[in-house]
Each structure stands twice: as C-alpha cells, then as structure tokens.
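There are 2 protein chains.
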Amino acid sequence: MSGDHGPSELVPGVARAAQALDGVRFQLHGDQDVLVKELARCPVLAGRVEVRHAERVIAMDEKPAQALRRGKGTSMWGAVEAVKTGEAGVAVSAGNTGALMAISKLILRMGADLDRPPLVASLPNDKGVTTFLDVGANVDCDAARLVEFAILGEAFHRAAHGVAKPSVGLLNVGSEDVKGHQEVREAHRILRDGHLDLEYRGFVEGDDLTRGVVDVIVTDGFTGNVALKTAEGAVRFIRDELRVALTSSPLARLGALLASGGLRRFRERLSSPPAAPLLGLNGLVLKCHGGASGRDFAQAVRAAADLARSDFAAEIERNMRKLPAALAESVPPAAEGAP
Amino acid sequence: MSGDHGPSELVPGVARAAQALDGVRFQLHGDQDVLVKELARCPVLAGRVEVRHAERVIAMDEKPAQALRRGKGTSMWGAVEAVKTGEAGVAVSAGNTGALMAISKLILRMGADLDRPPLVASLPNDKGVTTFLDVGANVDCDAARLVEFAILGEAFHRAAHGVAKPSVGLLNVGSEDVKGHQEVREAHRILRDGHLDLEYRGFVEGDDLTRGVVDVIVTDGFTGNVALKTAEGAVRFIRDELRVALTSSPLARLGALLASGGLRRFRERLSSPPAAPLLGLNGLVLKCHGGASGRDFAQAVRAAADLARSDFAAEIERNMRKLPAALAESVPPAAEGAP
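Line by line, the protein sequences give chains Z and A. Going by this note's numbering, the first sequence opens with residue 1, and the numbers climb by one from there. Going by this note's numbering, the second sequence opens with residue 1, and the numbers climb by one from there.
It is worth saying that the hints were derived from the structure and are not from the lab. Computed from a predicted model, the values in this text were never measured in an experiment.
Note: identical chains are not told apart, hence a pair may lie in one copy or across any two.
Derived lysine-lysine pairs resembling DSBU-like cross-links, with alpha carbons at most 35 Å apart:
no., residue 1, residue 2
1, 72, 179
2, 63, 84
3, 165, 322
4, 179, 63
5, 127, 322
6, 127, 165
7, 37, 63
8, 322, 179
Please build the complete structure, drawing on both the sequences and the hints.
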C-alpha cells in the first residue's frame, strides 16, 4: 500500500520482480479489495501471492511516535510482524521511513548495541558501488558504534553485491593514524587490532566515496548525512549546469541529441538504487524510496530476496560476538583522553 | 618563489593582475637574481615592484614544525613579516599550506579565539558562490568556534563578492531546532539569539551547498573537510563518466564537438577559485593552490587586493567584540547536556 504511488504502481512492481525470482512467494499487506483488483492485472503472480488484509495504512507524514501508538493493524505493522514470526524472510516498504524504523525496532528489536538501525547509501564509484553508512540515523557515535557499522556494512555489501571479502575504510580527514577526532582514532585501533573478521584498510577521505578504493565506508550519522546530501547536491547542480551547457545554442542542442545515448547511460549510472536495508535488526527490512516506480520497487524486491537468501545475519552475528573482546583489548593511549 | 611552477609562472601572473589593479604596488620575496630576470620580461611591472631578497625557499613537502624552526630568512617568512610590519596590506603564497599557516600564526597571531585559521572553500551554487568553512583546519569544534567561523566567513564573503549583507547558515542533518549534536544546537542558539550583526538563517543541509539558499555555510573542520572532498570526488567522477558518455560512439564524439563551447563554460563553472584566505589572523594572508598557473595566480592577487582594500578586518572585530556577551547569554537547556 506504501509510497507515493501505492498499489497501482507497486503490485505490478512485485510482478516484475517475480519473473526474475524463481521459487519466491509473496505476501501483500493492505486493503484486500484494492490489492485483489491490482493482482487481477498481474497473471504472473497467480498462485504465488497471499493477501493479508490490513484496515489502515500509515500516512507518509505521520510522526514515528504516532505510528508506534496507532500502528497495530496497519499494512506496515503486518509486514514487519511477518518477519518476526518467520512467515516472511524479509519485508519491503516504500512507506514512511521514520515509522518503518520505529515499528521495525519495536517488533524485531536491535541485534547490535545500537540505538537505531544505521541508514545505508549505495554510491557509484569507478569500480562498482560504495556501501556508505551511517547516512543519518545515529548522529552521535562512539568508537564501538563505528565498528558495528563496519560489521553491518561489510555483511550487507557481500550479500548485495556478491563480493566475497569486501574491504572496509573509515572516513577521516587524512590517512595518518594521528588524524581526526578521538572516536575515529579509537575505532581505527579496534578495527586494525581487534581480530574481527574484516578486510580493514584504514582511513579513507571524502573523495574516496566515488573512487572505489574500498567497498564499504563507515562514518557517524552526522558526517554521513552531510556527505551524502553534499554529493546529491553536487550531482543535481552538475546536471542542471550540463543541461544549460547542452542547450546553450542550436549547435549544442544538436550535439546533445547526437550524444543522447551516452548521456542516458551516464544518468542511469548516477541514479541511486531504490532500496536500502535497515541494518542491525533481528530480521530483514528494506526501505524503498517513497517515490518508487514499479520498476524501482521490482529492483527493491529482487534486492530483498537476494539478501534473504544470503548468510547475511549469521555473518553479522559471528563478528558481533567478537566485538566485546575487541573493545576490551583496545586501550586508548593515555595522552589522548576525551576532547 | 612558491608553488609547483615558481617565478617563471607566478611573476607573469603578478603582471597580469597589475594590469587590472590601478595604484597597487607589489613586493616580490625570493631569490633576487631569479626575480629580476623574470621581471625583465614583464614591462608592465616597471616601477611598481620592489624585490626583497630571500636566501631560502620553504619546500612544498617541508613539515610545518620544521618550517617554523628554519623559516626565518625564507621568502614565505619575509612576505608574512611584511604584513606584520604594515609594509604590505596582504601576502599571497602558492607555497606549502601547512608551513604558511604555521608561520602566519607565529608572526601575525590569531585575532579570534581559535587554535588555527579555518580553511575556506568557495563552491559554485545556483545563484553565485557559497563560502564554506571550516574545511579542515579545526577538527574538534565547540559552539563558540562555530560562531566565530560564521563571523569570519560572513566578512570574507562580503569583501570577496561585494554582497552587502551575506546570509549565514549552519550545517546540520535537518532543519528543526532539535536536530543534530549538542555543539551545533548550541551554536544555533547563539547565532539566533546572540545579537550579533549577522543575517543568520538557521540550519541548512548538505545539498544546500550547491543550492545558494545562503551565502555562507558554517561547520566543523571534520565535517567540512569530508563534505568538500566528497563534492570534489563527485565532480571528478561525473566528469570521467561524462567523458565516457561523450566518446562512446562516433556520433557521440561529434555531439561533444558541437557542444564543446557550452561544455567548456560548464567546466569553468565547476573549477574552484585558485585562492583562499587564512582567516582569523591579525593580518591578511591568501593561500593560492600549489599547482597555480600564471592566470590562477593573477586571480589570487586580484582577490587579495580586493580583500586588502575592504573593511574586512574592522567588520570582523566589531562582531568578535559582541561574542563574549552572546556566549554568556546562551544558557543551554538543562535537559540536553553533553552527549
């Protein structure tokens, strides 16, 4: 029922995903009448879909606290509950992000020692995709939290992109050990010396996000949010300027027309993937962006299925169990102290 | 003597600047023989230049501590010393950034209550230029320091861009008062309620850097450095991808050729200005990037002259005098405390 477009766009999206997902079955949570009507237009889903009726839908502008209080019986609540009971391997929603996070936390509980699931962004780089977290959920982060992001992001990158041993970098303002603030230097020591099962490569800088020197880049939710939005703003600005450049004269317009195939592939490369997981929960939940088209939602559903069929959760748990020892081992140099 | 190219590129740069700067005189610090030889090729500088001989030049890879110990008698030291004695209104260097910062601090002293001059970036936005600081000098920043950046950045923006009353925003992860970490919320209160002579517009986000909603955007040196490098990385990535897109076929290459005028102006719009001031010192010093061409250096010298002829220093001092009262007035709500 979720997102700006609702079932008329998203049910065909599920149908599109189903064609590429042999053996996967679907639960649709929402208004039964509406969903059955949409399903009648998607013969490929016949026999693979179960409709779970929900009386209410959480509005896109509802506050998380309100969603928690009045969420029971909504389509979103039902979908997350199905993950909790094991009926579903993963839940996908294009609905209200804050509400989805709050309801998922309440129902599934955090597995890691985090207050909130970090938000994950996927950025194109010279070699493929950079997994970047936290892009906004946890504004204040101590060293332990940054290390948890590394564990979660690494497992996600492997599951999502099929990289056997993703490399991990910690975002900083320079590459030497003495650079940056206390939290980032301490997280660096834990990741380097803590015997976690991670391919840790040390500090990276902002421009490495698009360079592909490592697969996963970790930072606090404040820095990550600013960096992601700065990158998005730069892309938006450049697109607008490019449009001006390519329509500045009849000759330039003709040039743009001749180059349009290449320019279209260029735009596709820059558009971010439609879905991101809520990490660190005892269960899988994917957030698809609110404006998702059927095509976007299909991509999100396929990503969700890949994640559900991977060893994602077990790999995270294995590293999380090593974390207390790693934290205890890391004794910060006496000279540094809190800022 | 400074920069990757030295006097053969920079002296003609000064000559180029001199043509646009009536009544401005120049001191060149460095090896007399070399400089006199270069000056012979620049008749426009005749009678407007004084050469100050220096035995030594600080190398581009010299450590700041080393530069401080052995800096006396170098061309960089002489140029900054001339600002201290009042012989020069402003110093411009394309040399070693760390050394320039250390020598400037030692000779001129900080006027503000800062450890180091914040680094300033100038980014293109939809309406003109965003002045963005600190992009790397002060990694740990309390609220008072963020407010000082606002005062310095505002005065710089007015002097550099001729905007009578530049607007100021504080970088955060959302626009509501409760968003962000403690330092940024406290700085917000001081800027909003502290009776400083600033056009403060509240919180802005990463994508506002290229949008032009405010003229000056303030953040700590960690976040600012990451954001700036992320934007630079995004621009670099997009340029590379665009090059691929526009050379992917003979038709696309023809298109790129036809659109080349527009694309050239597009590239110029994206390239960052060649110089940035070291703010907060008792005296004016501009850092020009190391790889500066003569044309870049000319632009830096012109920017330096604009700054020296403005009321820059007096305007900063006026606001800085109001700062202690503004800090004392801002009583943080008891519930918030340190994170």
